[in-house]
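Starting from the known structure of chain A, arrange chain B on it as the hints suggest.
If you want the building blocks of each chain, they are given just below.
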Amino acid sequence: MPLWKLSFAFVAFVCYLAASCEAQKTKDMLLSEKVQQLVDWTSRRSVIRLNGDKFRRYIKSPPRNYSVVVMFTALEPQRQCVVCRHASEEMQILANSWRYSGSFSSRLFFAMVDFDEGPDVFQQLNMNSAPTFMHFPPKGKPRRADTFDLQRNGIMAEQLAKWITDRTEVVLRVFRPPNYSGAVALMLLMTLVGGLLFLRRNNLDFLYNKTGWGIALLCIVFAMTSGQMWNHIRGPPYAHKNPQTGQVAYIHGSSQAQFVAETHIVILLNAAITLGMILLHDAASGMGDASKRKIEVRLTLHDKVQ
Amino acid sequence: MARLGMLRLSHEKQDTLLKLLILSMAAVLSFSTRLFSVLRFESVIHEFDPYFNYRTTRFLTEEGFYKFHNWFDDRAWYPLGRIIGGTIYPGLMVTSALFYHILHFLHVTIEIRNVCVFLAPLFSSFTTILTYHLTKELKDAGAGLVAAVMVAIVPGYISRSVAGSYDNEGIAIFCMLLTYYTWIQAVRTGSLYWSAFCSLAYFYMVSSWGGYVFLINLIPLHVLALMATGRFSHRVYVAYSTLYCLGTVLSMQVAFVGFQPVQSSEHMAALGVFALCQAFAAYSWLRSSLTPALAELLLRSFMWLLLIAGSIAVAILALSGKISPWTGRFYSLLDPSYAKNNIPIIASVSEHQPTTWSSYYFDLQFLVFMFPVGLHYCFSNLSDSRIFIILYGVTSMYFSAVMVRLMLVLAPVMCVLSGVGVSHVLTSYMSNLELGRALSRTRSRRHPDHSYPGKQEVSSAVVLFLSFFLMTYTFHSTWVTSEAYSSPSIVLSARSPDGSRIIFDDFREAYYWLRHNTPQDAKVMSWWDYGYQITAMANRTILVDNNTWNNTHISRVGQAMSSPEEKAYEIMRELDVGYVLVIFGGLTGYSSDDINKFLWMVRIGGSTETGSHIHENDYYTPTGEFRVDRDGSPTLLNCLMYKMCYYRFGQVYTEAKRPPGYDRVRNAEIGNKDFELDVLDEAYTTEHWLVRIYKVKDLENRGHSRT
Numbered sequence: 001m002p003l004w005k006l007s008f009a010f011v012a013f014v015c016y017l018a019a020s021c022e023a024q025k026t027k028d029m030l031l032s033e034k035v036q037q038l039v040d041w042t043s044r045r046s047v048i049r050l051n052g053d054k055f056r057r058y059i060k061s062p063p064r065n066y067s068v069v070v071m072f073t074a075l076e077p078q079r080q081c082v083v084c085r086h087a088s089e090e091m092q093i094l095a096n097s098w099r100y101s102g103s104f105s106s107r108l109f110f111a112m113v114d115f116d117e118g119p120d121v122f123q124q125l126n127m128n129s130a131p132t133f134m135h136f137p138p139k140g141k142p143r144r145a146d147t148f149d150l151q152r153n154g155i156m157a158e159q160l161a162k163w164i165t166d167r168t169e170v171v172l173r174v175f176r177p178p179n180y181s182g183a184v185a186l187m188l189l190m191t192l193v194g195g196l197l198f199l200r201r202n203n204l205d206f207l208y209n210k211t212g213w214g215i216a217l218l219c220i221v222f223a224m225t226s227g228q229m230w231n232h233i234r235g236p237p238y239a240h241k242n243p244q245t246g247q248v249a250y251i252h253g254s255s256q257a258q259f260v261a262e263t264h265i266v267i268l269l270n271a272a273i274t275l276g277m278i279l280l281h282d283a284a285s286g287m288g289d290a291s292k293r294k295i296e297v298r299l300t301l302h303d304k305v306q
Numbered sequence: 001m002a003r004l005g006m007l008r009l010s011h012e013k014q015d016t017l018l019k020l021l022i023l024s025m026a027a028v029l030s031f032s033t034r035l036f037s038v039l040r041f042e043s044v045i046h047e048f049d050p051y052f053n054y055r056t057t058r059f060l061t062e063e064g065f066y067k068f069h070n071w072f073d074d075r076a077w078y079p080l081g082r083i084i085g086g087t088i089y090p091g092l093m094v095t096s097a098l099f100y101h102i103l104h105f106l107h108v109t110i111e112i113r114n115v116c117v118f119l120a121p122l123f124s125s126f127t128t129i130l131t132y133h134l135t136k137e138l139k140d141a142g143a144g145l146v147a148a149v150m151v152a153i154v155p156g157y158i159s160r161s162v163a164g165s166y167d168n169e170g171i172a173i174f175c176m177l178l179t180y181y182t183w184i185q186a187v188r189t190g191s192l193y194w195s196a197f198c199s200l201a202y203f204y205m206v207s208s209w210g211g212y213v214f215l216i217n218l219i220p221l222h223v224l225a226l227m228a229t230g231r232f233s234h235r236v237y238v239a240y241s242t243l244y245c246l247g248t249v250l251s252m253q254v255a256f257v258g259f260q261p262v263q264s265s266e267h268m269a270a271l272g273v274f275a276l277c278q279a280f281a282a283y284s285w286l287r288s289s290l291t292p293a294l295a296e297l298l299l300r301s302f303m304w305l306l307l308i309a310g311s312i313a314v315a316i317l318a319l320s321g322k323i324s325p326w327t328g329r330f331y332s333l334l335d336p337s338y339a340k341n342n343i344p345i346i347a348s349v350s351e352h353q354p355t356t357w358s359s360y361y362f363d364l365q366f367l368v369f370m371f372p373v374g375l376h377y378c379f380s381n382l383s384d385s386r387i388f389i390i391l392y393g394v395t396s397m398y399f400s401a402v403m404v405r406l407m408l409v410l411a412p413v414m415c416v417l418s419g420v421g422v423s424h425v426l427t428s429y430m431s432n433l434e435l436g437r438a439l440s441r442t443r444s445r446r447h448p449d450h451s452y453p454g455k456q457e458v459s460s461a462v463v464l465f466l467s468f469f470l471m472t473y474t475f476h477s478t479w480v481t482s483e484a485y486s487s488p489s490i491v492l493s494a495r496s497p498d499g500s501r502i503i504f505d506d507f508r509e510a511y512y513w514l515r516h517n518t519p520q521d522a523k524v525m526s527w528w529d530y531g532y533q534i535t536a537m538a539n540r541t542i543l544v545d546n547n548t549w550n551n552t553h554i555s556r557v558g559q560a561m562s563s564p565e566e567k568a569y570e571i572m573r574e575l576d577v578g579y580v581l582v583i584f585g586g587l588t589g590y591s592s593d594d595i596n597k598f599l600w601m602v603r604i605g606g607s608t609e610t611g612s613h614i615h616e617n618d619y620y621t622p623t624g625e626f627r628v629d630r631d632g633s634p635t636l637l638n639c640l641m642y643k644m645c646y647y648r649f650g651q652v653y654t655e656a657k658r659p660p661g662y663d664r665v666r667n668a669e670i671g672n673k674d675f676e677l678d679v680l681d682e683a684y685t686t687e688h689w690l691v692r693i694y695k696v697k698d699l700e701n702r703g704h705s706r707t
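Respectively, the protein sequence lines represent chains A and B.
By UniProt numbering, the letter at position 47 of the first sequence is numbered 47, and the numbering carries on one by one without gaps.
By UniProt numbering, the letter at position 414 of the second sequence is numbered 414, and the numbering carries on one by one without gaps.
Here chain A stands alone, though its shape is the one from the complex:
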């Protein structure tokens, strides 16, 4: 064989080796570089914002030795996606809990893709609803169970954490920032009541007004019998609008539940009947002068004046 051909082949071979080494090195560098970049972004914001390009580079293309939980959402105001906002808050709480926890590592990252920043990603994944949570494992394609089932589990951070533990074996503790609004409201109420009592400290007779107490207790009774406690605990909607026919239903079909509108109707009916009975009672016992009693009795019975 001519020498030049051999040497050429040899050089080509060396070049190829070198290139593959380079490629290997760049590939390896690429991985540690990727991880470093992700850790950097996480330190700036717990939930990394991605566009289509970054998504493809960091989440779709190998090599990866980390899991990423991605929220696909549409937060722009014109999209009018209220659930997306709630889900985004829960995701933020979860990502913050992870980032500031002692067990933070580069095994798991949180990211989000907004529809307006990365529509091609949505198209590529054939996704047409938001919000969606997907887990991209380090090896292989995401499976059926790697999509978080919102319908069944809701959007609470605790449910997300449980699902992530299921998929990645990473245990997450959800830390919710304490809610001071209750304590502040209570303080406000107490200062108000205290101030009122202090201002009227010379004339506390209004506390001894029997009728006042009577009316207050009657209001409590009406509130309880119309099911206001049930509303307070279960938080039902005001009324229900049938999406297909557009008809508004004010009364719940089953006796196990009720709407707020329904309770208001009931409270009005109860109050009306009770007031009627009380008027009847007062008229009979001779409280108030004769003409008032006449009117009371007639109002109650709708009797004709003769």
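Derived by calculation from the structure, the hints in this document are not laboratory data.
Heads up, the beta-carbon is just placed ideally off N, CA and C, and yes, glycines get one too.
Just to be clear, a hint being listed does not mean it is correct.
[Unchecked claim] Computed beta-carbon distance windows for the label pairs: (1) Q456(B) / A272(A): 49 to 55 Å; (2) P622(B) / G246(A): 32 to 38 Å; (3) S255(A) / E609(B): 53 to 59 Å; (4) F675(B) / D40(A): 36 to 42 Å; (5) R49(A) / G272(B): 55 to 61 Å.
[Stated by the list, open to error] List time: in silico BS3-like cross-link candidates among lysine-lysine, alpha-carbon distance up to 27 Å: (6) K60(A) / K5(A); (7) K673(B) / K695(B); (8) K695(B) / K597(B); (9) K597(B) / K162(A); (10) K657(B) / K673(B); (11) K136(B) / K210(A); (12) K162(A) / K673(B); (13) K455(B) / K597(B); (14) K162(A) / K139(A).
What follows is chain B alone, placed relative to chain A:
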């Protein structure tokens, strides 16, 4: 000469005769309206919890009180056992045993089961009579009679006191009203006799129900209200001091209550008011012998002393942990959203749900409207006892709104106040009715003319109006009792297409099979719902029962039910299980069967460490549905519960035009049909396939695994 009414009796005698007649009819009515299930089925104990009470009562009558008090039950919660003597309220059992012994002494040999079944209706008759006396104290005998008749049929009370419902509430309401009646008498008279009687009644209440906490907080609240309205007198002082001292000492005699009255926050209000009572009385006594200026100084110094001493004491006790905070069960009544956010178990019990407005109308109907009228009357004519009934009414109103089970506590006070309201309206209008000329002549001389045109017509209209409402109340209450609250749930009935009734007595059939065909020391595994019934009727040792005090043990049973056969066999061998019992409704359409409860078994089973291999998601289809047909999840189709329920079911035709193996509750043809059981042998299946019993196979002779 006194005027003679009918039957040539004087008016007083006529009065007494009418009262006696009406009251006895009301008592008989209250007893008889609770007998629907006894007439339709038989005299049998209902539901689940009453079976535990029945078993303990039987033990008490057979073994005596000392053995009962020291009883450690080794036939439940195998292998842990359960201390019964010190963890129940013995009032109910002791009452039944007392009646049983008295009747036997008189040679009326009624079986203990019948005593238990008919105890609640008997006590409801007593409650009727007691309500009469209570309302008579508040207004007059007329109101008392109306209230008595109302409480005889009010559905809110009937729901927990039908014949067969042998539960604590059956006698607790009587004890509660007795305590309130004696308290009102004690406050009215200030005599030691009534106060001591009140303490005894309170002791009876404490021994019968855990709801006594309501009483021990309501009575101090009443004393506080009397102090605030300036009605505190020596009578109230005597009444409350006696009640607190005697009542607390007596209540601590009940083993289950123990030292709680001096250690738990729920009882601290009573202690605080007791101290305040003493301070108040001391101040009043001193003031009478001091000048006004000194008295003012005394008052100020007293108040400051009390405030400082009180806050220091509370702080020390709370911080040192001597006083335990409010337990979750009672705290959730004060802050209703507490249970939902923090203790899901409490929030999930169906009896602990809040009350919708329709439940109020269903259980009380007419009373909901007349209750505020009675309140208004009490407000217009305040007195010590009326203040008490107002407080009782409003607080029980709030608590019944938070928890539907407490509707029971609201029902009597609703009747009392409605009775007052109805009676007042009726008497006023009836006195306007002019019946006969003789009466009108005397009337026109004595009363100035309060009349208005149409007085006669108006009065008769009002009387008819109210009578109509009272009649609809009666019809409604009887209908509700008959349809909604009279099912024994251990015996079911249905109508066949040709109109005749079919009785499903499978539960008792299965329990008696167990009783006659298994060894005495056999252990039976089933879900916890049926525990009490199995121990009471089949007399076999069980693993878990309705007391649900040990979640880990229940979780182990849940793991056994949800695991595949091999794993379940390990768990069953570990727990020495000999027989397994499941409830299956697929053949008859009975929807409260174990497959419908299965997801709870999975959730509870997977909630502890040993059950970490159980994930609820595995039992759903990929689309997230719970299905038993061939699209169902393979984990579900191969778990022990599935196999036990559907063994041999694949060959059964259940409905016309449906393939064999059609489950009538899930409305689907089952997916896994022809399989054999490796670790169980079918022991017994009842007539309608409602209960299925399997025997756990022994270890293989030559050491091979069974599967």
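So, going through the hints one by one against the coordinates:
1. For the pair Q456(B) and A272(A), the beta carbons lie near 27 Å from each other, so the given range of 49 to 55 Å is not met.
2. Our hint of 32 to 38 Å for P622(B) and G246(A) holds, since their Cβ atoms are close to 34 Å apart.
3. Remark: the range hint 53 to 59 Å for S255(A) to E609(B) is contradicted by a beta-carbon distance near 41 Å.
4. Take F675(B) and D40(A): their Cβ atoms lie about 57 Å apart, and the range 36 to 42 Å is violated.
5. With their beta carbons about 58 Å apart, R49(A) and G272(B) fall inside the hinted range of 55 to 61 Å.
6. Taken as a hint, the K60(A) and K5(A) pair is broken in the structure, with Cα atoms around 42 Å apart against an allowance of 27 Å.
7. Only pairs whose Cα atoms come within 27 Å are accepted, and K673(B) paired with K695(B) is accepted, the gap being roughly 21 Å.
8. Straight-line distance between C-alpha atoms of K695(B) and K597(B) comes to about 22 Å, which keeps the hinted pair within the 27 Å bound.
9. Annotation: proposed proximity of K597(B) to K162(A) holds, straight-line Cα distance about 23 Å (limit 27 Å).
10. Simply put, K657(B) and K673(B) have alpha-carbon atoms about 18 Å apart, close enough for the 27 Å limit, and the pair holds.
11. Under the criterion of a C-alpha separation no larger than 27 Å, the hint pairing K136(B) with K210(A) is consistent with the structure, at around 24 Å.
12. The straight-line distance between the Cα atoms of K162(A) and K673(B) is roughly 35 Å, outside the 27 Å bound, and the hint therefore fails.
13. Restraint check for K455(B) and K597(B): not satisfied, since their Cα atoms lie roughly 63 Å apart, outside the 27 Å limit.
14. Pair hint K162(A) plus K139(A) holds up; C-alpha atoms about 21 Å apart against a cutoff of 27 Å.
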